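Sequences are here, hints too, so could you generate the full structure?
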Amino acid sequence: MADARRVISVIVINEASVLSRVTDLFSGRGYNIESLTVAPVPDSKYSRLTIVTSGSVRVSEQIVKQLHKLIPVLKVYEHADLVEKEMALVKFPSSESPSDISALASAYNGGIVNVGEETIIVMIADEPKRVSNFLNLVKRYHPKEIVRSGSVALER
Amino acid sequence: MQMSGAQMVIEALIAEGVDTVFGYPGGAIMNVYDEIYKQDGFEHILTRHEQASVHAAEGYAKASGKVGVAMITSGPGFTNAVTGLADAYMDSIPLVVISGQVPMSLIGTDAFQEIDAVGISRSCTKHNYLVTDASELPRILKEAFYIAASGRPGPIHIDIPKDVTAQIAEFDYSKPVELETYKPTVKGNSRQIRKAVDAIVNAKRPLFYLGGGIINSNASEEVRQFVAMTGIPAVETFMARGTLRYDDELLISMLGMHGSYAANMAMSETDLVIALGARFDDRVTGKLSEFAKNADIIHVDIDPASISKLVNAHYPIVGDVKGVVIAMMELIADKVNKSRYESWLETIANFEKLHPLSYQEEDDVIKPQWVVERIGELLGDQANISTDVGQHQMWAAQFYPFTRARQFISSGGLGTMGFGFPAAMGVKRADRDRVSINITGDGSILMNIQELMTAVENKLPVINVILNNQYLGMVRQWQTLFYDKRHSSTDLSAGQPNFTMLVESFGGVGYEVTTKAEFDAALKDAVEKNVVALINVSVARLENVMPMVPSGGSLFNMMLASKEK
Ligand SMILES: Cc1ncc(C[n+]2csc(CCOP(=O)(O)OP(=O)(O)O)c2C)c(N)n1
Ligand SMILES: [Mg+2]
Chain A
1 MADARRVISV IVINEASVLS RVTDLFSGRG YNIESLTVAP VPDSKYSRLT IVTSGSVRVS
61 EQIVKQLHKL IPVLKVYEHA DLVEKEMALV KFPSSESPSD ISALASAYNG GIVNVGEETI
121 IVMIADEPKR VSNFLNLVKR YHPKEIVRSG SVALER
Chain B
1001 MQMSGAQMVI EALIAEGVDT VFGYPGGAIM NVYDEIYKQD GFEHILTRHE QASVHAAEGY
1061 AKASGKVGVA MITSGPGFTN AVTGLADAYM DSIPLVVISG QVPMSLIGTD AFQEIDAVGI
1121 SRSCTKHNYL VTDASELPRI LKEAFYIAAS GRPGPIHIDI PKDVTAQIAE FDYSKPVELE
1181 TYKPTVKGNS RQIRKAVDAI VNAKRPLFYL GGGIINSNAS EEVRQFVAMT GIPAVETFMA
1241 RGTLRYDDEL LISMLGMHGS YAANMAMSET DLVIALGARF DDRVTGKLSE FAKNADIIHV
1301 DIDPASISKL VNAHYPIVGD VKGVVIAMME LIADKVNKSR YESWLETIAN FEKLHPLSYQ
1361 EEDDVIKPQW VVERIGELLG DQANISTDVG QHQMWAAQFY PFTRARQFIS SGGLGTMGFG
1421 FPAAMGVKRA DRDRVSINIT GDGSILMNIQ ELMTAVENKL PVINVILNNQ YLGMVRQWQT
1481 LFYDKRHSST DLSAGQPNFT MLVESFGGVG YEVTTKAEFD AALKDAVEKN VVALINVSVA
1541 RLENVMPMVP SGGSLFNMML ASKEK
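Chains A and B, in that order, are what the protein sequence lines are.
If you use my numbering, the first sequence corresponds to residues 1 to 156, in order.
If you use my numbering, the second sequence corresponds to residues 1001 to 1565, in order.
These aren't lab readings, by the way, just hints derived from the structure by calculation.
Honestly, I wouldn't trust all of these hints.
[Stated by the list, open to error] DSS-like mimics (lysine-lysine), calculated; alpha carbons at most 30 Å apart, straight line: (1) B:1187 to A:45; (2) B:1142 to A:75; (3) A:144 to A:91; (4) B:1287 to B:1353; (5) A:75 to B:1187; (6) B:1195 to A:75; (7) B:1367 to B:1524; (8) A:85 to A:144; (9) A:65 to B:1516; (10) B:1038 to B:1459; (11) B:1142 to B:1183; (12) B:1175 to A:69; (13) A:69 to B:1066; (14) B:1367 to B:1516; (15) B:1066 to A:65; (16) B:1353 to A:65; (17) B:1516 to A:69; (18) B:1183 to A:45; (19) A:69 to B:1187; (20) A:75 to A:65; (21) B:1309 to A:65; (22) B:1066 to B:1187; (23) B:1309 to B:1187; (24) B:1175 to A:45; (25) B:1287 to A:65; (26) B:1183 to A:65; (27) B:1183 to A:75; (28) B:1142 to A:45; (29) B:1293 to A:65; (30) A:75 to B:1309; (31) B:1183 to A:69; (32) A:45 to A:85; (33) B:1524 to A:69; (34) B:1287 to A:69; (35) B:1187 to A:65; (36) B:1309 to B:1195; (37) B:1309 to A:69; (38) B:1204 to B:1353; (39) B:1175 to A:75; (40) B:1204 to B:1187.
All of these numbers come straight from a predicted model, not from anything done at the bench.
Right, here's the structure in full:
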């Protein structure tokens, strides 16, 4: 069976070691995590993890069940119909045209967030595929550094 | 009440009704051992190796149905115990294992005897804790016992830094466990149960597939009733031996790699598998795509992750086997029609006649299977049978006349050589009125032989019966069958201790046996004297465990017999 890209959200008690409990389930099966984001769920003792991975249906079903079995895990969502966004920060030399870069960024829900003497920094937030497109497009402006955030997702 | 972390450990163990702790002291756990010295609520049994502490706790837990407890120090004490944790994890045995750790201020500094214990135990425990403040201890200890025993049982590891055992805090053990994120499903879904019952009523060739979960759930009585009431035949996994009596007419035998021909054929021909607390382990199913190919599958298990993990279940039921079986019996009561299975039972009887579990006696040498049968004839229900790992283990599972749940204690999932003897000590401790036998091999027994000292010192009269083939027999068997008889590093004929001198140096009793009469005399003497014993039985060296499904093969393609001279 072909490996498919999967997005899994896990709600966990916000405590030491919970992150390694979750990631151990992937590494123990030789599965790579493509991206992982973690942040506290507001006004609660929980955190939300968003994990992007790829694997066969059988293995990812197993991982979801095993995630449920971890004591500090409250909920696991394996998303099918979701809104997924990722952020990227890109640093350009200030010698590149700020107006061109800014125009492009605004097409990807972003813009210039910092202007220094030697560099400008752009932020965009969009679907992971579109973030990749953007990063391809801006190659010609000689980006010096790129940071991607990993995905966050909500079921529609 | 205010007390030290170490005192809290003692108070919690007593509150949990613990009567025995197996362990081994050391620097980081000394505060707790100091409190053990002062108390008389439970007995501490000093094993001679930490691996044995945990295996003894496992044997105790399996025989008693209670949570087993082991206590160890940091660093090497803990790493020695890891095999035990892994073993308990694989076989779903409820344990609480408490280890000492270096003081909080030294954690992460490569301090003396420091090891990231929770990092290591994470993948071989149901849950684990590093305690960073004594005020957390009452909650953690209480949770640990609750989690160990509930849902699918398993080992819990608690790592306590030395300064936390010295720290004073409030101890209140009365607060109920509150775990929002852990609520094991106990009651099976009634709609699913109804559907499954309909499937049972409609099946022509149904088959019970009984697993170790039945024993964990204390459901063997209910399962016996269910089988009798429906008249449906049953196979047992290795872990489920003793669920049905050996002489139950509906029990075919064990299935799987070394299961009986009839059990495996029944599984291949059935049109409805009723799996109760079994997990479709690869040693059971053989080639998955051919497993129970003609059947729908009802799968009852408390662990949702076990359902449809390997074989797709048509009727998945998450819940405690006991409750589900009771619910099924109520629904099925007036719908059973036993005559419906006449031809199915006849088919199975023919399989049994065709290739019964058997062995060939020889005049000049004892067959290992005979020894197992003979222990059964002489002691039967009066013995609890632990085993080590290898051929002897399979013969024990095949040939012992089991009459009850918790009678057979063996390392199934991990297959840990060295398990048997310490486990049999734990069994003896839990069930003192019965004889505790360890059926072992000349390889395995040496893996925890130091426990002779524990057993003698603590008056735990385990009778070790060594089926001595002077081989690492099970590996030798595979070499014979699949490696063209290249017996690489498995011939122990030039590496045999004098077992009698060995056991006697510890204060036990040794017996050298080469004839059947000598065996009878030795076993009777050891039982009568009620001593720690090694009965060293010379058995046919090249006997193979048969029948056999070669690894990855289909259940219906068994090797039936093979002889090697
Ligand atoms: C700790 C450990 N090491 C290695 C093995 C692999 N192994 C499985 S059975 C076996 C041979 C056991 O020999 P013995 O105890 O004499 O039993 P026999 O098969 O001869 O009855 C070995 C080495 C194991 N199961 N456990
Ligand atoms: Mg041997």
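Checklist entry - Looking back at the hints listed earlier, which ones does the structure fail to meet? => result 9, 16, 17 and 33
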